[in-house]
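Trainee: Residues per chain, in single letters:
2 protein chains.
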Amino acid sequence: MQTITLNSPFDMHLHLRDNEMLELVAPLSSSTFAGAIIMPNLVPPVDTKEAVLEYKDRILRAIGNDQFSPFMTLFFKPYSKEFLESVKDSISAIKLYPAGITTNSEGGVESIDTVALAPTLNAMSELNIPLCIHGETNGFVMDREKEFMSVYESLAIAFPKLKIIMEHITTKDAVRMLDKYDNLYATITLHHLLITLDDVAGGMLKPHLFCKPIAKRYEDREALQKVALEAHPKVMFGSDSAPHPKHAKENCGCAAGVFTSPIALQVLAEFFDKNNKIENLQKFISNNACKIYNMKPSSKIIVLEKKEFKVPSYYEKGDEKVVPIYANETIQWNIRNYNGK
Amino acid sequence: MQTITLNSPFDMHLHLRDNEMLELVAPLSSSTFAGAIIMPNLVPPVDTKEAVLEYKDRILRAIGNDQFSPFMTLFFKPYSKEFLESVKDSISAIKLYPAGITTNSEGGVESIDTVALAPTLNAMSELNIPLCIHGETNGFVMDREKEFMSVYESLAIAFPKLKIIMEHITTKDAVRMLDKYDNLYATITLHHLLITLDDVAGGMLKPHLFCKPIAKRYEDREALQKVALEAHPKVMFGSDSAPHPKHAKENCGCAAGVFTSPIALQVLAEFFDKNNKIENLQKFISNNACKIYNMKPSSKIIVLEKKEFKVPSYYEKGDEKVVPIYANETIQWNIRNYNGK
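Residue numbers (this note's numbering), protein chains in the order written: chain A, 309 to 649; chain B, 309 to 649.
Simulated from the structure, these hints should not be mistaken for lab results. This list has only true hints and no planted wrong ones.
No copy labels: a pair is met if it fits in one copy or bridges any two.
List of simulated lysine-lysine pairs, DSS-like, C-alpha gap at most 25 Å:
id, residue 1, residue 2
1, LYS542, LYS604
2, LYS357, LYS396
3, LYS471, LYS534
4, LYS554, LYS514
5, LYS629, LYS554
6, LYS514, LYS629
7, LYS585, LYS534
8, LYS471, LYS396
9, LYS469, LYS604
10, LYS357, LYS385
Can you build the whole structure from these sequences, using the hints too?
Mentor: Okay, structure coming up:
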């Protein structure tokens, strides 16, 4: 049977939420991933050192073992250099949200002004703290990422030593930026490698595939697939796995977010295998991230095998239920074991 | 108080469904409209003279009065001239669906080939039966109507005496066709005058605004608004009001269709008034249609007044519930009375 061994797979963009949902989803990531960059968009946002440390502690308790490293982030605000020095060792990055652009981003930045934000961004640059960005304007839904490219360009030029991660990119326009500026990097989600707007709204309307940024056109997906499959050194896997309760997701007027983490490695193995690029998955899932973030891989090893696996209709804990992408569908790869178990 | 009197308002594209749903929605159209072009996409489709007459009879019974004329249509198939002569006086148009393009269209046309379809289309042309078309390809959801323009062009050129109605147009590309070919006409829905894809999927996901063709860009909506507000002589109001049961619409994987008929006149009055074009509403809602379809207006008169009206959260009959556009919202115009009542 065909297998692949992944060393220290990392999810470089993950929403673990809090409370019951945290307890439900954290173990689903920690069972297959060695670590993840944890998004700070809680209510209220994670914007103090205490909030970072307390949230990290809640995550570690929800996981209950030491097989998973939560790499913490701060919610971007104008921070002083003194504060950033004090928090530096507790975080891996700072995440910037334009105000109101997605779930729990109301406290984000109203205007991304390279002059006004210079004190914070220069300090981050000097302290080597990466800046992760949700790169969308508040324009027409299909144009929001493309319109944001000029903001990425201004930031890349104004802060050439700052590592800027274009999070969950969805367009060929963002892909093009990778080779244009040395300090621009990107995460790519599982779902944006797989779906287009046609899957969300081309047939029936599919709330479980509704996300922000919204899935785009075929040529955009193709551009993402190309750099992922070749494991372009500036791209990393970041699931943006974003659980919402089943009842909320399936009700009228649902929020954006696709829940992928429990099946991300399996589907990625299937996708890379189908495209005859399975040899590049290790770089996409770990090595590139280690280089970009100056991280050391852990000793965690995951073995996947080419064997059918039926995705559960939902995952639950207590009163909380969450529906994964591909619920009830069969995928061609499965987890064999991890760390010898 | 500001009022407007509408003579014989017509809805030139309406789905009345069948059975309980028909009984629920038919009276909601017949109370304010003088008549409507009734879509034939039942299961099975309305494609015989008997089916036309029986469906018309069920509609009249559901309405229970003579204040509303159901203008019947046939589901397009290759029909003989003899058959079309026999059914001519019972129908107002024939509706063509590309196969599988929307709700109950599985029996539609696989390929719109002007040679293969010539016998039927020539006969329709000679008998002066208009051809209504759901103009979408099976391409990317945002491009489907635009890609269909070449089909409209081929048909308009090949059958210059055939009246071709581009149904529920959503793009500036379709608007442009109106002045390019004498024999191309269009209906415009209420919702496509009001919403863009941003309303469907730009914030939360809104199943009650999910329709086919999907709502497009701002510049498309602007082009539609322009020809509607000026009552361009080749455009008519056609609601495409398409009820789906509340539970189905609000469940996972819902079908396309916006239910607008009970509040269409009120919202149109508000929209035309807000744009200082209320004097053109009569043409958009009736006169243009009468000229295009060679129809006589009825004696039905509807008086609307500028007075707040709260849209119900749903309409129901028996076990059937259906949610209208703008449920629970307040609009600025209301029906004062009809025919002196």
